[in-house]
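Colleague: Protein sequences, first through last, are from chains A and B. Reading the first sequence from the start, the letters are residues 1 to 94 in my numbering. Reading the second sequence from the start, the letters are residues 1001 to 1582 in my numbering.
There's no promise every hint is true.
[Claimed, not checked] Lysine to aspartate or glutamate pairs mimicking EDC-like chemistry, simulated, CA-CA at most 16 Å apart: (1) K1521(B) x E1480(B); (2) K62(A) x D1123(B); (3) K24(A) x E1085(B); (4) K45(A) x D1123(B); (5) K24(A) x E1078(B); (6) K62(A) x D1124(B); (7) K11(A) x D1124(B); (8) K1559(B) x E1574(B); (9) K5(A) x E38(A); (10) K1292(B) x E1329(B); (11) K24(A) x D1086(B); (12) K11(A) x E1574(B); (13) K1293(B) x E1265(B).
[What the hints assert, rightly or not] One-sided excerpt, in silico: chain A residues whose CB lies under 7 Å from chain B: (14) A20; (15) S51; (16) I52; (17) S61; (18) T64.
Keep in mind that the hints were calculated from the coordinates and are not lab data. Ideal Cβ placement from N, Cα and C applies to all residues, glycine included.
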Amino acid sequence: MVKKKIEVINKLGLHARAAAKLVKLASSFTSEIQISCEDENFDKKIVNAKSIMGVMMLAASKGTIVTLQAEGSDMQVAAEQIEALFNNYFEEGE
Amino acid sequence: MTTLSLHGVGVSKGVAIGKVHLIERNQQETREYQIEEHLLQQEIARFKIAISLARQQLRSVRLHIPHGTPGNIASFIETHLLMLEDSALVEEPVNIIRERQCNAEWAVKIQRDILVSVFDQMDDAYLRTRKDDVDHVVNRIQRILLDHGLEAHEVPDTHLEGCIILAEDLSPADTVMMQHHGIAAFVIEHGGPTSHTAILARSLGIPSIVGVKRALRYVDEGDMLIVDADAGVVLVNPDPVILEHYKQRQLDIIRYQTELIHLKEAAAITLDGIEIELQANIELEKDYSIVKKVCAKGVGLYRTEYLYMNRVAPPSEEEHYQTYIKTMEMLDNIPLTLRTMDLGSDKNSGTGYESTSISTSVNPALGLRAIRLCLKEPTLFEPQLRAVLRASAKGPLRMMLPMLSTLQEVRDIFSIIKGIKQEFSEKGIPFNTDLKIGGMIEVPAAAVCADMFAQYLDFLSIGTNDLIQYSMAIDRVNDEVNYLYDPLNPAILRLIHMTINAGRQHNIPVAMCGEMAGEPKYVRLLLGLGLREFSVHPASLLEIKRIINDSKVVDLEAKALQILNAKDSSFANEMLDSLNIL
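Use the sequences and the hints to build the structure in full.
Modeller: This is the structure:
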């Protein structure tokens, strides 16, 4: 299993459009991919990275640290590409 | 006849007059009813057909996205399609139908309420409003279940041309289709400045007002409306006098815009014959075409941060050089003032590559940024300095250093430049030996000592945004304190005045390239305080020129000094108004 901690750095956070890009990318891999973060009460929320509603409901705003977990044959490349998407501001430029 | 007026927030400026077309969604009250066990399978099938029809509809909308639609509008459609494939909307309602033995509409409503309640609890205001996306998708499913089918306006149709659209809310799909119709204005009951409608309206340049609560209740199909988006007011069935007034205003706006375009060839010169240097601020390539359109005589601020953004390694000397050469060429070699990189503040803390020094400081505006970062990390900075020097051989280029706070910084940079010049001379690499180097005055410490900086630098340029923020000790994005962000505060005006006088005393030009310079209401005040160089966003350049060419500096000086010494802001504002109606 691959596990990575990634910071949300784009201005609007994991909003609908960014979430859509993430879900599309995640869905292109066969691995099981989960994303989790802690909410304000330190409760852990875990969602399936291939579900748009799940990712939107994570409500990860700018500055949130999310944990990415991938398990499967293409988990390495999946984790790398997803991390790159976050670090590339979801191709939104800010 | 009385005229009814409704109020909201103008999100895209302008005035429109026309007949209204209502888009009513009739949020049908959904009721729960029991489904007998042997009919459940049929109800589930009905739900699944609705989902697949909803997908088909959105795919067809996607096919009709016109060229030039803002990318973010188009991507909302994509998001909604993904939502129609998500188990939360596709499978959960099926479980609810089974468990409660209820109708599909009711199951969708229950699931919608569950999803929306999660969004309602979110802390982030932007993410919270994205429950709208859930509603747009859910409403589409419900309409199909209730057999309302396609919305009429989702089919391209011409009778809407010149109409004013009044709706409770518009979905991204609506806004995509609306682009075909030549709509005159949007009036929307819900929504704020970040809503789909606002984004679309701004990109199309259509006057729009959002947040006009309960408007549908007071307006009938075909009513005559005046939409004054500048004031955020909608007038319903205006009486002839008001209508005449607004028709006149529309004409004035058109006349004003043609008048401005005629000004592009004119010199910027006051009524008493003082020539003003009026230049443009640029950042990205898209600004270049506006610079040309308004015939700017020069660029007073060329921001270079974008070269460093969203990449894995900092740009090489050659990359800097090629970019600058290309920019100069594209702008037909007009004088260009290049600001060396101003990274490290909140606005751009995120370069993609590892920099040991760009840390996430609690207060980045006061941290290691701009010239401080440049001096600490020569590997980021020296390639840029070398490239600027090389490019200076190719055209009228000046260099400007951001965020100076001590003279030592100037000395340090001069000594680096001296070294590079020496190396270039030895190697025979061409550069302009007389490259002009100036500094931004945006730290109060530098403004107070502007006379000292003026002895070393070839020109000064006042950056008002940071100057105000640093002088008033406020974080501009903090809503609790941004009321203190006031360019008319005498402390700010004095710092500006001191800087202008320091330049005069040492015979070097002083420009202003901050937002204040491009704000029409401050132009006369700044002229009165002695400012002779303005650098503004190219889109407001002609408007600023019109004010300059309509001002007489001798009449402004005494009043400007009164504003400089005003002890309260209401007096300062009154004085400013009286200055502007001279």
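Colleague: So, for every hint listed, does it hold in this structure?
Modeller: Hints versus structure:
Of the supplied pair hints, the one linking K1521(B) and E1480(B) is violated, its CA atoms being roughly 25 Å apart against a limit of 16 Å. The straight-line distance between the Cα atoms of K62(A) and D1123(B) is roughly 12 Å, inside the 16 Å bound, and the hint therefore holds. This hinted pair checks out: K24(A) and E1085(B) have alpha carbons roughly 11 Å apart, not beyond 16 Å. Using a Cα cut-off of 16 Å, the hinted pair K45(A) and D1123(B) holds, with the two alpha carbons roughly 15 Å apart.
Using a Cα cut-off of 16 Å, the hinted pair K24(A) and E1078(B) holds, with the two alpha carbons roughly 10 Å apart. For the hint linking K62(A) to D1124(B), the alpha-carbon distance of about 9 Å falls within 16 Å, and the restraint holds. Restraint check for K11(A) and D1124(B): satisfied, since their Cα atoms lie roughly 11 Å apart, inside the 16 Å limit. Taking the CA atoms of K1559(B) and E1574(B), the gap is near 11 Å; set against the 16 Å cutoff, the hint holds.
Proximity of K5(A) to E38(A) is assessed by CA-CA distance (about 12 Å); at most 16 Å being required, the pair is judged to hold. Our distance criterion of 16 Å between C-alpha atoms is met by K1292(B) and E1329(B), whose separation comes to about 12 Å. Restraint check for K24(A) and D1086(B): satisfied, since their Cα atoms lie roughly 12 Å apart, inside the 16 Å limit. Taking the CA atoms of K11(A) and E1574(B), the gap is about 38 Å. The hint is violated against a cut of 16 Å.
This hinted pair checks out: K1293(B) and E1265(B) have alpha carbons roughly 10 Å apart, not beyond 16 Å. Taking 7 Å as the C-beta contact cut-off toward chain B, the hint placing A20(A) at the interface holds, the least distance being around 4 Å. Interface restraint check: S51(A) against chain B, minimum CB-CB distance 5 Å, threshold 7 Å, status holds. The beta carbon of I52(A) is positioned within 7 Å of a beta carbon in chain B (closest approach about 4 Å), and the interface hint is therefore held.
At its closest, the beta carbon of S61(A) sits 4 Å from a beta carbon of chain B; the interface hint therefore holds under the 7 Å criterion. Taken as an interface hint, T64(A) does not check out: its beta carbon lies about 9 Å from the nearest beta carbon of chain B, beyond 7 Å.
Hint check: violations occur at hints 1, 12, 18; the rest are consistent with the structure.
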